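Q: Given next are the chains, with one letter for each unit.
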Amino acid sequence: MPATDIEAIAEQVFVALADPSRRTILAALASGGPATATDLAGQLPITRQAVAKHLALLAEAGLVTAEPGERRRVRYRLSSAPMRVAQQFLAALARDWDGQLGALKDHLDQHAGKSQEG
Amino acid sequence: MAFPDRIERTVEIAQPPAKVWAALTTAEGLSAWFGKDAKIDLRPGGSAWMRWDGGYTADMRVERVEEPTVFGFTWHIFGLPEDDPRRTYVEFTLEPAGAGTRLTVVESGFAQLPEDAYRTAYDGNTQGWASELGELVDYLDAGH
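Sequences listed follow chains P and X, in order. The first sequence begins at 1 in the numbering used here and counts up by one. The second sequence begins at 119 in the numbering used here and counts up by one.
Extracted from the complex, chain P is given alone in its bound form (with noise of 0.2 angstroms):
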């Protein structure tokens, strides 16, 4: 799998979250589950064109997907595929390093005063 593919997977959530409109309905549906877009707009201040835009940007981008609900009404559901790439990245910076080796020579350094007292 090119490098390329799985940037552009996270940059679509990255993008997707930047805006506080999608990213208070990527809220909504997780938290309450999937929902027509007419759902959204009644739970948001939101007008329903433009939840519809949203939802059309967030499907295209992989992030929820569209499925047939009730009375033939199209539901979104999130899609936690692209979200687990965007977690990703974000573990490789939440890791850190360089307090653990810090903490690593603190106690070696602790341990080397005590050996050198006793």
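Check the hints yourself; a few may be wrong.
[As the list claims (entries may be wrong)] For lysine-lysine, the following DSBU-like pairs were computed, each having C-alpha atoms within a straight-line distance of at most 30 angstroms:
#1 X:Lys154 - X:Lys137
#2 X:Lys157 - X:Lys137
#3 P:Lys105 - X:Lys157
#4 P:Lys53 - X:Lys154
#5 P:Lys53 - X:Lys157
Bear in mind the hints are in silico, worked out from the structure with no lab data behind them. Source: prediction; values computed, not measured.
Place chain X on chain P using the hints.
A: Same frame as chain P, but now just chain X:
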């Protein structure tokens, strides 16, 4: 954007490799600087475990044991669900440097993406729309 696959750090430590080796590869050593509690079965394929305050635990699998120069293990990528099979590989290399040790740690594998995740990311979307368009066709065919 560059996806960070590999993290590498080198530090100089005043203590000799044997002391550093013990800190990296024993439960007593690991629990003193890394986790709050630790257990380790030090052999390739052996399991190791660390726990921190707040209940977070890390399960590790020992991969390389070449005392006192190379210690490697794999562990779960932090933040991913428990059932996600992806793991990063951590390798410590110890080299004598005067009376002390030059310690290098490399953690790699953050950018791995199994084929199934790729398919889920893209095919899920395609299938979603395919079924939706199928419904639209059915709806129109029914004479509406």
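Q: A separate judgement is required for each hint: does it hold in the structure or not?
A: Each hint, compared with the structure:
no., hint, verdict
1, X:Lys154 - X:Lys137, "19 angstroms, holds"
2, X:Lys157 - X:Lys137, "18 angstroms, holds"
3, P:Lys105 - X:Lys157, "21 angstroms, holds"
4, P:Lys53 - X:Lys154, "49 angstroms, violated"
5, P:Lys53 - X:Lys157, "52 angstroms, violated"
Against the hints set out earlier in the document, violations occur for numbers 4 and 5.
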